[in-house]
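So the protein lines, in turn, are chains A and B. All the letters of the first sequence, read from the start, carry residue numbers 0 to 266 under numbering that gives the first Met the number 0. All the letters of the second sequence, read from the start, carry residue numbers 0 to 410 under numbering that gives the first Met the number 0.
Quick caveat, the hints were computed from the structure, so don't treat them as lab data. Where a beta carbon is used, it is the ideal one built from N, C-alpha and C, also for glycine. It is possible that part of the hints are untrue.
Each pair of labels, with its calculated beta carbon distance range [said to hold, decoys possible]:
no. : chain 1 : residue 1 : chain 2 : residue 2 : range
1   : A       : H74       : B       : E336      : 52 to 58 Å
2   : B       : G309      : A       : L241      : 27 to 33 Å
3   : B       : K62       : A       : H74       : 20 to 26 Å
4   : B       : G309      : A       : D158      : 40 to 46 Å
5   : A       : A78       : B       : D331      : 25 to 31 Å
6   : A       : G108      : B       : P376      : 41 to 47 Å
7   : B       : G195      : A       : R88       : 41 to 47 Å
8   : B       : D302      : A       : A253      : 49 to 55 Å
9   : A       : G135      : B       : G278      : 30 to 36 Å
10  : A       : L241      : B       : N18       : 52 to 58 Å
11  : B       : V139      : A       : E118      : 54 to 60 Å
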Amino acid sequence: MNRIERRFQDLAERNETAFIPFITAGDPTLAITGELVLEFEKAGADIIEFGVPYTDPLAGGPGNQEGAPRPLEHHLRIADILALVKTLREKTEIPILLFTYYNPVLAYGVDRLAADSKEAGVDGILCVDLPPEEAGAYEAAFGALGLSTVFLLAPTSTDDRIDLIAEHSTGFVYYVSRTGTTGERETIESSVKGMVAKIKTKTDTPVAVGFGISTPAQAREIAGYGDGVVVGSAIVRMIGELGDSPDTPAKVGAFVKSLADAAKGRA
Amino acid sequence: MSEYAASSTTQKHHYPDKNGRYGDYGGRFVPEILMPALAELEAAYAAAKEDPVFQETYQHLLKQYVGRPTPLYFAERFTEHLGGARVYFKREDLAHTGAHKINNALGQVLLAKKMGKTRIIAETGAGQHGVATATACALVGLECEIYMGTVDIERQKLNVFRMQLLGAKVNPVETGSKTLKDAINDALRDWVTNVGHTHYVLGTVHGPHPFPLICRDFQSVIGRETRAQILEQEGRLPNTLMACVGGGSNAIGLFFDFVGDEDIRMIGVEAGGTAIEPGKHAARFAGGTVGMLQGALSYVLQDEDGQILGTHSVSAGLDYASVGPEHAYFHDSGRIEYTYVTDDEALEAFQLCSKLEGIIPALETAHAIAHAAKIVPDMPRDEIVILNMSGRGDKDVTQAAKLILPDEDLA
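Put together the whole structure using the sequences plus the hints.
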């Protein structure tokens, strides 16, 4: 059992929802990313999603589209992200999931990335543009080392696809709560609750909900039926606004605490 | 007629397979949210292919609206000038809207209408695919939005206004390099958001399966007509086929019917830009490696981390970091040769063709002409070369003037 699976098991025993913040690794700097992870853990985050920078993030909304290429300006590479995870592992056992597009994975080498991720202390990977149909070698490589391969479901998913993803996704299933790219929305689509319930009839794997969730009220609503709540764009945008000032980690940490508290019914 | 009258391509070439693969290339690499739409499109297209009413409507419009068959024209003065093989132009520039793009755009818009979609989106680089899609939408009465990079908007202003005249909304794309790749990213983002009632008319033989197949099928009319026309005019098949390659739809369109004729040489000409160095060209087979961009495995201009490199070409339609997966397959198998010419060579050919033949070619097409000018002089005079005149150059005249004329003449 890896850290992601163990965390969901512990949370289930406490009847608690996972809070999963997303940040782009290296945005604004790798050092601040490290500080943010530690702040987020203190704030009550359960799993960290590390966005791997990419030039062409087609599934990213405005916030993530700006966040994803930013670290490339200082030539951030996957190896740098893995090195950061390795350093963080001296201080924290918080589960870490790589959130990436497929081409950087392909360029790094699927087997090599699985091995190096394991060695660094990464717990799983989510590849936004890699459906299970194309993922055979990738699932085998990461699965063999006990790393989770998380797949997405969406409002457009048919019953066949729900069955397929339920079968393939390990660690958790990531339910994309609305059609469209990531980004903040004022309301949660009414279909989300029903879809989450439907997915849960097909699998015992936890279901986390993300894309478009940006406020404590929304996090609280999702926590009513999801096993996990993911917040990305709102955090990435805040980091973009604050930049590399010394109080960025504390300020973003406070926002994350408000979201985590809401997800866990503490506020 | 002889045994050459029928194409043997489909007996010898069995791609794409059921997974949308051309050998190792192609596939369907998209966010989960689009997977149902691609499955729906694949099924709808398979049904339309067998539907006599759909086919009849499409063929009727190709003839009466697009103006097909386009002529196969013997370029006598160009041939004399080069002093080698006899050069024919397949005149896709004479198709309605001025390029081959209408063959695919019209087919896909009819398909979308049949599927009950009410809104069409498309990307465009040089503007030709945008104009073709806007035209087809005007014809059948569908709402149309075109994504176009602001760099391309600047160099193809005439086409922007044409799209607007045709009733389309042109959405400027400010992200990334602000060219074709970024327009595709934004079109995909739109599709992800509005997939229920929207069809994305992808303009080339790239993207996730079934787009490369659909586009190839709609464009392969070019090669089928060419076969019949050259047999009628010369009584035999050509020795060499040539076309420019951006995503690669005009090249596949001309080549596909002849793939099975193994003696026929095929040459795809990419954009060499100013130099084969990162960011200065769009010659994927000269400077690219295997990767996945925008839905398909193919050759990609990327750095060692899999980050997509900037591209450059004087021609907006060739200025793209990847190439259709079937081209990647034909490259590796050796069935098609790929080469490139520089911006300067293309501009020279642009002028040469205009002066010798009275045909102003698109800057994209000028790349193929430039390569012909290099190699045809060494070919025996009894050989036949067919070059796909994929588009006309009216759209490029302003930009070409800036590059060709001395500054004082522009005032």
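Hints violated by the structure (listed by number, smallest first): 1, 3, 8 and 10
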